[in-house]
Every structure is written in C-alpha cells, then in structure tokens.
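Please build the complete structure, drawing on both the sequences and the hints.
Protein chains in written order, with this note's numbering: chain V, 1 to 267; chain D, 1001 to 1246; chain Z, 2001 to 2314.
All the pointers check out, no bait thrown in.
Okay, the calculated beta carbon distance ranges per label pair:
1. V:G196 / Z:A2274: 18 to 28 Å
2. D:H1093 / Z:F2229: 38 to 48 Å
3. V:P99 / D:F1112: 57 to 67 Å
FYI, nobody ran anything at the bench for these hints, they're computed from the structure. These numbers come from a predicted model, not from an experiment. Virtual Cβ for every residue (Gly too), placed ideally from N, Cα, C.
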Amino acid sequence: MLSSGFALIFGLMRIANLTHGALFMIGAYITAVLVRNGTSLFFADIAAMLSIAVLGGLIERFILRRLSGNSQGQVLATLGLSFIAADFCLMAWGGDPIPVSTPVMFQTPIHLLDLSFPTYRLVVLTIAVIIATLLYLLIERTKIGAMIRAGVDDMNMARAVGIPASFLFTTVFCLGAGLAGLGGALGGPIFNAYPGLDADMLPLALIVVILGGVGSLFGTFVASFIVGFIYTFGIALVPDLAYVILFLPMVIVIAFKPQGLFGRVIT
Amino acid sequence: MTFALEVKNLCKKFGGVAVTNNINLQIESGERCLIIGPNGAGKTTLFNQITGELLPSSGTVEVYGKDVTYLPPQARPHMGLSRTFQIINLFNHETAAHNVVLALLGVSRQRFNAFRKLSVTDELYEQALEILKSVDLSSSATRKVGEMSYGEQRRIEIGLAMSQKPKLLLLDEPLAGLSHDERLWIKDLIASIPRSTTIVMIEHDMDVALAFAEKISLLHYGTLIVEGDRDTVVNHPKTKEIYLGH
Amino acid sequence: MKNWRQLLILCAVFVLALLPLYGDEYFVNLASQALIAVIFASSLNLLVGYAGLTSLGHACFLGLAAYLSAWMGINLGLEHAVTAPAALLLTTLIGMVFGWIALRATGLGFLMLTLALSQIVWGLAYRWVAVTNGDNGLSGLTRPSPFGIDLEVSSHFFWFTLLITLVCLGLIRQIVQSAFGASIKGTRDQPRRMTALGYNVWAIRWFTYVAASFFGAVAGLLYVYFHKFIHPSVMAITMSAESLLCVIAGGSGTLLGPVFGAILVVILKNYASAYIERWNMLLGFVFLFIVIFLPKGIVSSNLNFLKSKAGKKP
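This is the structure we're talking about:
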C-alpha cells in the first residue's frame, strides 16, 4: 500500500515524494492516538486514511503546485516536509513508541493445517489484496483511472485532449497519500508508532518501486511481495545483514534491466 | 565501390508498428541526398538509427564500408559522422565560441584533460573563431547563444557539425523555423560545404531543398516509396498521390 | 571585476588563517567544522551543480571513510599514515561501484538509487554491531600527528583542516576549469548534444561521481579526526540533506556557492540548536523557503543584486 501510493505519485507526476514515509508514520500515529483514547481500530484506520489524504492534497495544492516544472525543487520540498513532519511527530507525541493494541477479536491465532498464523496479519494481508484489487479496478476500469493512465503515459498529450491536469494531480496525490496513511494505520498494531518509522519505511517504498518498475502498478504489487518476503526472512535469518539482503535483488535487477521488472524507462 | 552511407533493410518496430520498414539507401561519397516525406513518415527515426541513438530492430547501417549498426552513438563522430537536430539544442548559457570549442574537443584527446585550465587563449579558441568566421558570426563569439536569434543559432549549429570535419553530415530540417532570408543564408552555407563531406538532409521546404539535392528519397509510413533525381521524384505519380492526395 | 574578487578571497582566507590568534577555542573549533562542511558540500556540488546529478546519498562516503579509518585503527592497530590513504582508496573504490549502480538511471531514478544505497550503508552501520558497534558508535579515536605536529591542539587542527580545504578546493577548481570540466557541464546542459559531439556522457558522469566520492571521503576523514568518534547517524538522510542544502543555499554550479552555503548552515545549526530543540524542523523550513523563494541560491541572488546596484545587468 505504501509503495503503490508512492508509485502512483511518481508515475503520474514524476515527483519522488520523499514525504511518503512521514505520511505513513503520521497515519500510524493518528491511529495509535485514537485507539489509545478508545476509538475502535476500524474507525481509527479510516480517520487516519482520510486525514492523511487531506494533508496530501494540501501539500500538493500549496507547495508542490508552486514548483511545477522544477522536479529537483519538488523533491527537495518533499524532503524538507518530511523533516518538518518527523520533528512534528516528535514534538507532539514524544520520543517513546506508542503501541497500538491489536483488537481483541484478532488476538487469537488462526490454525490452518498444522500451523498457526497471527490473525491480524492475515487480516492486513486480506485488506491489502482487496485494496490492490480496488486500485486495479479504479485504474483500469473507471474514467478517472483512464485519465490517470493517460497522464502517466504522456502528460502533455493528456492535457491536449482536455484532461484536467491540476484536478488529476491533486486527486492522485490525495490517493497516494491516503494509501500511505492507511498503510501506516493498518501497520500500527504490527510496527507501533515510533519516531523514525518514516526513515525505516521510505527506503522500502523506494526499493519496491525501483524493483517493480516505474509506470507499472502491477510491478509495484509484485515487487512489494518480493521485498516483503525477503525483508522478513532476512531479518529472521541474518538480522545484521537484512538491508543487504534486501538490496541484492534490486541491484541484480537494475544491473540487467534498469527499468525494473515491469517498468518502462525512467525519464 | 564503397558507399559513404549504405543502409540495408533497416527496420524499427515499436510494438507492432514499423516506423521504418525495410529501408534501403545507397549514398555515394560527396553526394547531396535529400529525404522527404510527410510528417510521421519515419525520417527522423531513420536518422536516429544512422547516428546510433536508436537501435534498429533489424537491418544494418554501414559508413564507408564499416558496419556501425551497433556502434555506440558517441563513437560515431570519431568516424566522421556529424548531425544537426530538428530542435536546436545548443548550450544556451555559454558563449558561441565555447559552443564551438566543445565541438572541437569532442573529437580531440584533449577532452580528457582534467588538470589544464581551458582558457580563452588556447589554440582551440583560435580554431573556434575561424569556424565562427566561416558562418559569419565572428562578431558574436563572446555572446551567449541563448541571446542569439534562431537563425544565428542554426548557423552556429552547422558550424559545430562542420568543426568536427565530418565525412558524412546529417542535417535534420535545418531550415525549420527560419525566416525567408535566414533560409537563403543557410542554403548558401550548405551549398558551400566541400564535396569531401557527403550530405544527407531531411527537409520540408521544397523550394530550397529540391534545388540542393542530387538524389531524393521519398519516405511514407516508414517505407521508401520513390527514389531518384529531382525530376524523377517530382513527376512520379506516387509523389503526387502522397503530397496532394490524388 | 575578476581581480578584485580574487583579492577579496585572498584577504578573507588570510583573515581566516589568523583566527586562532584572535578567536577563542570555541570559534576555532566551529571554524574547523565549517571547513569540513565546505569540503563535503563542494564534493557534492561536483555532482549536483556541475554534473546536474542530484544525489541524496552522499553522506555515505563521509561515513564510510570515517568508519574505515576508525575500524582499521582500532582493530588492526594501524597508524594514521596507513589508515588515511587506505580509507580514501577503499571509499573511492566503493564510490566506483555505487556510481556504476546509481548511473543505471538518471534524474529521479538516480536520486532514488543514491538514496537507497546510502540508506543501506546507514542500516548496515546500525545493525552490524559486531563491526561498527551499532548505536554506540566507535569512540576513543585519535587524531593523526603529521610530521610530529600534535593535532589535538585546536589551532593546529584548524590550520591542518584549512590547508586541506584549500588543496581540495584548488583541485576541484582545476577539474572544473579544465576541458574535462567543460565536458561535465556540457553533459548537465545538453546530454544528447554531447553524445552527438562524441562525448561518452555516461563515463563523464561516472568519473565525476567517483571524484565526488573521493572528496567526500576526505571530508569524512577530517570529520572523524575532529570528533574522535563516529556514529551511524552521520550517514542518515539528514546529513545528506544538510549538505544538499549547503549546496543549494549557496548556489550550485559555482565554486564559492557551497563555501558560503556550508558556512551558513554550520553557523545556523550551531546557534539555532541552542534556542530551538527541533533542528530538523528548522532545516525543513529552510529547505522549503530556499527552494520556493530562492531557487538560485543565496550567492547567485546576491551577486545579481550587487550587479544591479552597480548598474550592470544581472
């Protein structure tokens, strides 16, 4: 979810949104704080997703729009924003991690065959697949999706045929941000909300998008599973070198196919 | 006989679309060849395959008998292949002289020198001034290219290409975007290029281009339709069909 | 115009060189830090300003050189005379590999790759506790004593750093003003034209990357000598971002830009952190401000301002 949001924004707007990790983190924090105050996880997740989407919209509208055409500037602006966001979280919620308790109904593990699986993680997996499917339907089957695809392909041409670029940009940024926020929200019970979560998550998003290929959401989807698997197994088997294990497939793929597994050449 | 440029069965496909479709060209040394065709006919794609920016899907490109099909594009100027671009892409923030110096360095071993200061008193600058003189822009040597008119920029661009002493010069719509007087000027400039340089030109401006060309190739939808000297091509029924629609 | 500018710079350097004689130790140390930042920002400027390649992972070279020097000193008991060139060499070699990887893409792809690479190194520094001592960092390090001069004394270290800074800036200036330097700038402005003129754009970029990693490594050695301590946070994205800010605030693509930018950022950081707890947030706001309102950097904006005051067109 985190990566698909990043991929959408980068694919359409050619903006490497370095604030993405921070958006994820704020989503986690919002959820954590709401749950701590008694809201159910479900509503907290939705609240987080929506507020991050709005935040994303504001960022796009008031900051990134002013820098349109200046891609280096946009990247640096999102970098600056990520610092502001990270310190804001520190200021607002302190340096200690805020745990998000898994809802009671998900606490007992599910037993399948002879193995037991943590229920909540299966729930997250299911939601991720549902979201991926919805995203796919949105992009491939709806009018907005068609506009997004046109824009990703060739923004100038899309403008020329009358597609409202600024509306599209804001929508996509909101969508991308919302996905990040939802990812953070859902991840709350798994990671907890802690300062530095953004710095931990952002490189994962980058690796996924680079590995999967720019311009291909399917590539992002596949790559996120690959990266997820490698990261988890890597941490379990060789915790000291998890990053390296994560890194190797990306390097190998980039060495032979710079545009990633499914992508087009990055311009 | 070795041709200056020989293109054999050159094909470039994007997905299912053949942008250049089995093109065959043989251009003799010193010849002036013109490539014409409606927009989208594949002319620039053909050029890009000759210069190496684009790899053909199949077919070969030979320059003076040497197969250069897979030679990297930056190696080709060293073999005597130079080109100009449809949209001028000079170094706008640098002076005209510096632009020419960059061109001169491009084919010289001096470009690797990272320790000697490149100064205006260098021999290279003398050569650059000579080149600028040949395109009648010596008075503009210290002006920034970005501040010059389009016609002047085009002159500099041709100067750049000529400074590398090419054996084969590819001109991609050199007259595009120029005023009438500027066109005549460029036409004369091109006409004055010595025969030691073979010229292949893409152009739309028929008046100027037809006068210049000895051999004309008409491209349409990526295929070579008509080829020959001026009268042959102009009077060919297919030409009339493509350009006039009947 | 050019001559009095050079004279001005010479005077400034002279005045700076005399700092230990009129400034107290605090300022001398601050100046040393600023000089290290100047070298680092100038190395990054080679990539960002002259080659047009924005990198967000440059801090990894600073950290690598620092850690290599520290590790070799502690675990192999080698003298600085050996560890210094070894660290520089190894870091530059890594720079060659990283450059090859990162340059598989350009523009934003390059940016993402440099960021990813640097994050990996940072992560390694944190997690590979056996080698790097993780979050505790490597401490108890020493400063070298070149020709028997004790660099533990602040003023000695300052002069040493000043010398190295001048040498590095001189070398960078040579490169930038040479034919090769002209070709670097050419690839930044019109890569397609450069290829058509016979230049190997990829190779030029790669060499620039390697040179940048070398000078970054020099900054790294001075850094670890100054602090006598190295911690993974030095390779965090904040450090790369700060140096990027130095380059952009000062004005990329000029020799003096990163100098001013680095001095500005170090001073700001030093004084701001006394009053503001959240330096990162300030950094973020400064970034936003500069990027939106002063895209050409402070040096260029001021130069234009001065020129227009003098009656010349900017």
